[in-house]
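**Q** Letter by letter, the chains look like this.
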Amino acid sequence: MQPQLIRELEALLGPKAVLSAPEDLMLYEYDGSVELGSPRCIVFPDSARDVAGIVRLANRYETPIVGRGAGTGLSGGAIARNGGIVVAFSRMNRVLEIDAANLRAVVQPGVVNLDLSRAVEHLGLYFAPDPSSQKSCTIGGNVSENSGGPHTLAYGVTANHVTGLELVLPDGEIVRIGGKSIETSGYDLCGLFVGSEGTLALVTEITVRLMRKPEAVKTLLAVYDTLDDTTESVVEITVRAITPAACEMLDGFTLRAVEDYVHAGFPKDCAAVLLIEVEGLKEAVEAQAAEITEVCRQHRAREVRAARNDQERNLLWRGRKEAFGAMGRISPMYYVQDGVIPRTRLPETLRRIEEISRKYDLQIGNIFHAGDGNLHPLILFDERDRAQFARVVAAGGEIMRHCVEVGGALTGEHGIGMEKNELMPLIFTEDDLALMERVRAAFNPAGRLNPGKVLPMGKACGEIRVPPTPASAAIPT
Amino acid sequence: MSRPAQVSFTRLEEIAGGASVVTDAAEIAAREVCGMRPAVIVRPADAVQIAEILRFAAAEKLAAIPTGGCTKLGIGSPPARYDIALDLSRMNRVLAYDPHDLTLGVEPGVRIEGLLSTLAEKKQFLPLAVPFSARATIGGIVAANSSSPLRHAYGGVRDFCLGMEFVTGEGSQAKSGGRVVKNVTGYDLHKLLIGSLGTLAVITRVNFRTFPMPQAQGTFVASFSSAEAAFDFCRAVSHSVLTLQMVEVANPGVAALIFSGEISARIEPRTWTVVLSAAGQPAVVDRHERELGQLAGAAVAEEFLRLSDAEADSVQAQIREFPKLMTERTPAATIFRVSAVPGVMATLLGKLRVVAAQHELDLLSLGRAAGIFHVAFLPQKETSVPPQSIPGVIAEVFRACGQPEMRASAMLEWCPAEIKTSADVVWGPERPDFELMRRVKNSFDPQNVLAPGRFAGGI
Numbered sequence: 001m002q003p004q005l006i007r008e009l010e011a012l013l014g015p016k017a018v019l020s021a022p023e024d025l026m027l028y029e030y031d032g033s034v035e036l037g038s039p040r041c042i043v044f045p046d047s048a049r050d051v052a053g054i055v056r057l058a059n060r061y062e063t064p065i066v067g068r069g070a071g072t073g074l075s076g077g078a079i080a081r082n083g084g085i086v087v088a089f090s091r092m093n094r095v096l097e098i099d100a101a102n103l104r105a106v107v108q109p110g111v112v113n114l115d116l117s118r119a120v121e122h123l124g125l126y127f128a129p130d131p132s133s134q135k136s137c138t139i140g141g142n143v144s145e146n147s148g149g150p151h152t153l154a155y156g157v158t159a160n161h162v163t164g165l166e167l168v169l170p171d172g173e174i175v176r177i178g179g180k181s182i183e184t185s186g187y188d189l190c191g192l193f194v195g196s197e198g199t200l201a202l203v204t205e206i207t208v209r210l211m212r213k214p215e216a217v218k219t220l221l222a223v224y225d226t227l228d229d230t231t232e233s234v235v236e237i238t239v240r241a242i243t244p245a246a247c248e249m250l251d252g253f254t255l256r257a258v259e260d261y262v263h264a265g266f267p268k269d270c271a272a273v274l275l276i277e278v279e280g281l282k283e284a285v286e287a288q289a290a291e292i293t294e295v296c297r298q299h300r301a302r303e304v305r306a307a308r309n310d311q312e313r314n315l316l317w318r319g320r321k322e323a324f325g326a327m328g329r330i331s332p333m334y335y336v337q338d339g340v341i342p343r344t345r346l347p348e349t350l351r352r353i354e355e356i357s358r359k360y361d362l363q364i365g366n367i368f369h370a371g372d373g374n375l376h377p378l379i380l381f382d383e384r385d386r387a388q389f390a391r392v393v394a395a396g397g398e399i400m401r402h403c404v405e406v407g408g409a410l411t412g413e414h415g416i417g418m419e420k421n422e423l424m425p426l427i428f429t430e431d432d433l434a435l436m437e438r439v440r441a442a443f444n445p446a447g448r449l450n451p452g453k454v455l456p457m458g459k460a461c462g463e464i465r466v467p468p469t470p471a472s473a474a475i476p477t
Numbered sequence: 001m002s003r004p005a006q007v008s009f010t011r012l013e014e015i016a017g018g019a020s021v022v023t024d025a026a027e028i029a030a031r032e033v034c035g036m037r038p039a040v041i042v043r044p045a046d047a048v049q050i051a052e053i054l055r056f057a058a059a060e061k062l063a064a065i066p067t068g069g070c071t072k073l074g075i076g077s078p079p080a081r082y083d084i085a086l087d088l089s090r091m092n093r094v095l096a097y098d099p100h101d102l103t104l105g106v107e108p109g110v111r112i113e114g115l116l117s118t119l120a121e122k123k124q125f126l127p128l129a130v131p132f133s134a135r136a137t138i139g140g141i142v143a144a145n146s147s148s149p150l151r152h153a154y155g156g157v158r159d160f161c162l163g164m165e166f167v168t169g170e171g172s173q174a175k176s177g178g179r180v181v182k183n184v185t186g187y188d189l190h191k192l193l194i195g196s197l198g199t200l201a202v203i204t205r206v207n208f209r210t211f212p213m214p215q216a217q218g219t220f221v222a223s224f225s226s227a228e229a230a231f232d233f234c235r236a237v238s239h240s241v242l243t244l245q246m247v248e249v250a251n252p253g254v255a256a257l258i259f260s261g262e263i264s265a266r267i268e269p270r271t272w273t274v275v276l277s278a279a280g281q282p283a284v285v286d287r288h289e290r291e292l293g294q295l296a297g298a299a300v301a302e303e304f305l306r307l308s309d310a311e312a313d314s315v316q317a318q319i320r321e322f323p324k325l326m327t328e329r330t331p332a333a334t335i336f337r338v339s340a341v342p343g344v345m346a347t348l349l350g351k352l353r354v355v356a357a358q359h360e361l362d363l364l365s366l367g368r369a370a371g372i373f374h375v376a377f378l379p380q381k382e383t384s385v386p387p388q389s390i391p392g393v394i395a396e397v398f399r400a401c402g403q404p405e406m407r408a409s410a411m412l413e414w415c416p417a418e419i420k421t422s423a424d425v426v427w428g429p430e431r432p433d434f435e436l437m438r439r440v441k442n443s444f445d446p447q448n449v450l451a452p453g454r455f456a457g458g459i
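The listed protein sequences correspond, in order, to chains A and B. Numbering of the first sequence is given in my numbering, commencing with residue 1 and proceeding in unit increments. Numbering of the second sequence is given in my numbering, commencing with residue 1 and proceeding in unit increments.
For reference, chain B alone in the conformation it holds in the complex (with noise of 0.2 angstroms):
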């Protein structure tokens, strides 16, 4: 801290009380952000509390990260200053839960799991399927935009958050949005707060809409020889009358780590697989199943099969926790989140392939058919260096992505801290865009409070 520590401990126990703040090495040790850690931790009871905290930050120009379950901090470039952690923990409650309207208000510091088990109890969900699910808050997947592979049929956050609360960098209080299903009141601000990571604005409340469970549920795989018969079955899917929940695409290498027990034998490891499942009544499940081998069947697929209910569980299980399981795999692990039109995803997966075997490195790749992937270089043998090759690399996945005929975009979400060495690295070269998104910044958060740094163009 630029201030003698004792002073800003003092006034920031005087915000949240003493117990809140927290200096234990291990805590500050969790709280981690690409290699820098803050000098202190704050848990904040509310909303009043976080943006007194801010102010205070802002006059004493301290910067601050929010922070829930601490599993996604990895993601985005390194912070130039890193005062304080604001751990949304304590903030963790359901405000509202309307069943009856389908709605629900949380506080950002809820966790997933437990929220998913209070909807199951109604019969009703959110489709968010996202990694780190054991530990992940509400706010930690909005900030980070958690990719889960529901949104083939339902969207992501942007299409069924209603609305939300939160702090401003200037210590603001303010919303958007609302409560009601739909609503066009004043601008849609808090669609800029999915995916900011944190350096907009601190999320204190978001409402959702929430999803009937579906009665009955089935899930398939199907597997082909190459990345071109697969998106090509894809595409037949998506071009049939079908109602698909999920349709997701693991290049060879990734059904050895999602398959297990009889099917794992069943499925040929070098092979591409299309994971798809259907929901609704039970004829509508088992007119996919006919439907889906048909499509198969035409597109040459290698094996196609219906899983039982607790082969689903486990193989939608590892497919959501994708990011999860190459971090922990490998400390090298350098995952990027790629979006493309589907069209052209088996172009693009092939050139990353190639980088990938000219560095040799192994490609590890699975994502939403509709076009959005993690796509893992990964080193052949086990180290604890990231291999030198990796800078380079990167530079050349923004180089494909970048090509005219593939207008991809991608940002590197996870890699060794020390391969973050700016802002380029993981958002990739300056574009167009870059300087309305300053605009936003600026208009959030001028003194520049709120993770600074950590965003696109190092915003």
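Pulled out of the complex, with its shape left as it was, chain A reads as follows (with noise of 0.2 angstroms):
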């Protein structure tokens, strides 16, 4: 990269607030996927100004520009693929408002999804959406993913929680989206940029919804002995139209390592289990946690209960949310899927993975969000046996093609990004990508803000990327 922007990029910014050197760069080579790409500076703003002053000097020296959280992303959003500046958000971090009356927080891109939760406890409020990476991601990288969470089954993505945007265009221009109010006349510019991948704008600002905590929450534990009754179970109490604020299912094999690190009180000998949370007020609470119970019961759970007090909840949920991470004990890395599929198809799905795991001789995973139908099962592997992964690539695009098949998505809540952008033919027409092709261009004319993401780029039609080298040290939390 040429110094002289290097230099420039000092001035407008200070020195402290642009790395440079090799060893501070290959802390931002990867994220939270098994992709990697060299960016050649990472710089961290302090404002829009800032930000904008960037994006100018980009384009003058017409080179890259990927925004970047806290990189916990799963599809590789937060990668520098083709080299070029990565703008990290994390100076940017302040909550700048409360509006507690109205239950809206003003919050800097580089704030913490948790941290804004426990900004508005005392009030309390939350926000709802909760990725696993809540303790590490940051609200920014939500708005570009339209990140999700066990939780989203009641209360929606983060497309459905955020009213306003100030974003900062491929030009440099600053320009406020939205607003507090809960709708804005003319198009719904905020349904577009949230979960655009950060490939229209770089965002600087976002308003989003704060929610009333409910006054009573219960979590279940059902403990099952085979996957069928497990995901029949799920269907059950979709078919029911229960609403439960959140339906996780785990199979035996994540269990297992999830107990030896977390020690929830897991089972370690069953099929299965489900993890499910309702909430509101007490008497609603009382009657779903009755009838999910009946529902289980008949599908031969062979345990139902109840987490006793919010320490044994808490740790249910700490299972379920460092399952990823638990997995880094038992296997040197891992592949972590994102399909969905139609709720009903989940029996069916769950036998074809299966299948799939026997099939290319690899250990799956099943840890997801089963009451909305996103799977999440874990390709585990051992990087340095370039066959197996070559099997891993293959066992993954096989359980897309399926999730295709069955009428489902390629990503419920990790995005596009480079790793299925390749896949992007199976479900959208060349008419339907050309518009969004065209969309992005309306914005991003040079295609130099976040290059590679989301759409096609026609090397390899309907196949997963093969990383060249698989990242080592991304284990997400």
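Any given hint might turn out to be false.
To be verified - Going by beta-carbon spacing under 7 angstroms, a handful of chain A positions derived as facing chain B:
no.	residue
1	Q4
2	L5
3	I6
4	D188
5	V239
6	V304
7	H402
8	E405
9	A409
10	G415
11	R438
12	V439
13	A442
What the hints assert, rightly or not - Not the full set, but computed from the structure, chain B residues with beta-carbon under 8 angstroms of chain A:
no.	residue
14	A19
15	T168
16	K175
17	A340
18	I372
19	W427
20	F434
To be clear, the hints were calculated from the coordinates, so they are not data collected in a lab. Think of the CB as a built atom: it goes at the ideal place given N, C-alpha and C, for glycine as much as any other residue.
These two chains come separately, so use the hints to put the complex back together.
**A** Right, here's the structure in full:
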């Protein structure tokens, strides 16, 4: 990279806000996915004006720009695929306003997801999207990826909780869309920009909805001896139109890894468990919990128990949210997927994943948001075994194809990024993609903002990307 | 039409079939948009025909506007051109309904009333309690982003629409989103079509998630002597643990419209009223009754009462149809859709009331306590000509909403066609984000075939 650009960036932001030494750059080569890419420098803006200045410099030097929050993303969204400048938002981490009366907060993109909920906890409020990485992921990253989490079953994904954004467009213009009010006249631009994976603009301020904490919460653990009984229970809960706040499934293999790590009291000899949470008024919670217990028992759950207190509840959730991390203890590497299927197709899909696991001789753990059909199969591998890794990629592709065949989607909450962009033609026609391309070009005409993401580049149509060297250090928590 | 009409008709007949190209005067008149009438109505059978029609229109420099039940064609600024009305009434099938999965896919011409009946057979529903419900179609409801009181609990169309298929202004068939309840695959282009008034694409399929009908429901009314007291009560409700389906606030004058019979005798007509409904298990509804009553008492409500099921149905229907009731009351009605945070709503409505009084107009407002209101300015005397003061009132409404302490969003939904002389009248003065909207428009409809001029900033 032109040393002159580094000097100009240092002049703009101060020397401490620009990193370009090889040992610093290495820390920003990866995210939570198996992808890698080396930036030429990392910059740490403090304001939208800084970001606009960076963007203008990047344009002058015709250099790619990639936004980055905490780097916990699972599809390579924050990776500098074509090199260039990584704009790290860690210094823009202030909660600018808490408007409790109107149930809104205004935050900078670098605010950590859980920190916002903590900042409003004393008011009885919280921010609903709760990705597993919520202790470290940022709200800017949540906005880019339209992140979900277990409780999105009841409360929706990030897009349902954002009412306004401040953006820096790829030409350096700072513009606001939406606001604090529940709707803004005109096209729903927030709806377009949330989930655009950093390819249309850099987000510099976010107005989010806050939610009131429910009066009562009940967390149930249902334990099963077969996967079929587990998945049939989920189908029955959906069919009966019971609406839990979260409905998570962990299979036996995953559970054993989790239990050894978290000691949450998960039975280690079962085929799977469901972790189901109901929230709301205490009357509603009691009634729903009773109905769910009945459904689980009818489907031969060998045990259904409720967390007796907050401590037990937190431990169960820790087991769920740290399951990915627990996997790191038993496998050098894993590949996590994010397919979505219609909820009623869960039993056959789980059977299909078992077949794929046998066919490719791979260990696949299943842990997912069962209630909304969002699967997270974890395919374990050792990155030193290249032949095995090729099987991992093939197995991943086959699971994805199954999701598409039964009417599902490629990603429920992790994003397309650089991992699945070549798979987009499985879902979308050339015309669909051409229109998305046009919308991208309308905002990001030179393609300088986060290049090589979301839309296929046409080099390997219909294939999951095979990274040349899988990142070795990336175990998301 | 810019070319000899016969040539165009022949081509349209080739595409859609002779019986589907209509020039009947009454039918044409029913599809008038802001005083403009199309030369021809075409009733395409599917997306392929729509694509062909739009490509033909682009080549011939003709403009097309999609129509359904023709109940909301009055919304939006006056189109610059309007040659073809694309009547989607033939595309009226439910394409996929999986009650077990709680998902639904429908064509745009499906009428909401029939659809809700179909869903009710499976004890499900869509939270679209929208105006003009006897005739309104899904395509029109989505394209106008019709507001429903049920937004309080279920969000707007954007929150439960899973994906769409559509034909762009270039005649390209495209889609975004999907049919599953959680999905971040690709750009959410379908969200742009919600409220786009047909200016980006013609919607050919909409996928929704459906919702289970609650076991029991209770509807309550509380009345207050001032706007502040009514909004304070709403705030107390929203900060309580209660989980309401709807919370509607009506200003004095609206009570007479939405209540009838026994209740209207109990509600003092000059008060502000709040209508709330709760749903779920009977015990949940009973608890709402108790605790709402306590909150109403603490907010010094004049009255708090629970409606009978029949009364509740009637009141909810009147609330749902409020814009229709206003437009039927007088053709001179000028109705804004205003959105602001709840905390400023009482003040904002107070300012608008002063504007109305200064111009000798009545002001009726009804809306979601979360911050979406219909605000109607009505002549005090019966008249067929709009009062001369209306253009001044419109400017003052946008000014009041734009004040820094309000930060409200407004659009003029309904008014006499002659008032709508420009896009600014309907959408307010130019905003920085309009330029982004122009870029969106140019991506979908670069040749300006679809409803040119009907949208914000003259799009």
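**Q** Given A340 of chain B was flagged as interface, is its beta-carbon under 8 angstroms from a beta-carbon of chain A?
**A** Holds: closest Cβ of chain A sits about 5 angstroms from A340 of chain B, inside 8 angstroms.
**Q** Can the hint on T168 of chain B be confirmed by a CB-to-CB distance to chain A that is less than 8 angstroms?
**A** holds, 6 angstroms
**Q** Given I6 of chain A as an interface hint, is the shortest Cβ-Cβ distance to chain B below 7 angstroms?
**A** Violated, because the Cβ-Cβ distance from I6 of chain A to chain B comes to roughly 32 angstroms (cut-off 7 angstroms).
**Q** Is the interface hint for A442 of chain A satisfied, with its Cβ closer than 7 angstroms to some Cβ of chain B?
**A** holds, 4 angstroms
**Q** Hint check: is the beta carbon of E405 of chain A less than 7 angstroms from a beta carbon of chain B?
**A** Check failed: Cβ of E405 of chain A comes no nearer than 13 angstroms to chain B, outside 7 angstroms.
**Q** Holds or violated: the hint that R438 of chain A contacts chain B, with Cβ atoms closer than 7 angstroms.
**A** holds, 4 angstroms
**Q** Is the interface hint for Q4 of chain A satisfied, with its Cβ closer than 7 angstroms to some Cβ of chain B?
**A** Not OK, violated: Q4 of chain A not within 7 angstroms of chain B, min 32 angstroms.
**Q** Tell me if the interface restraint on I372 of chain B is satisfied: Cβ within less than 8 angstroms of some Cβ in chain A.
**A** Holds. Min distance 6 angstroms.
**Q** Tell me if the interface restraint on F434 of chain B is satisfied: Cβ within less than 8 angstroms of some Cβ in chain A.
**A** The hint holds - F434 of chain B has a Cβ within 8 angstroms of chain A, the shortest such distance being about 7 angstroms.
**Q** Using Cβ atoms only, decide whether V304 of chain A comes closer than 7 angstroms to chain B, and label the hint accordingly.
**A** Violated. Min distance 20 angstroms.
**Q** For the hint on H402 of chain A, does the least C-beta distance to chain B fall short of 7 angstroms?
**A** violated, 13 angstroms
**Q** Should the hint that K175 of chain B touches chain A count as held when the rule is a Cβ pair under 8 angstroms?
**A** Nearest chain A Cβ about 6 angstroms off; hint holds.
In summary, the numbered hints that this structure violates are 1, 2, 3, 6, 7, 8, 14.
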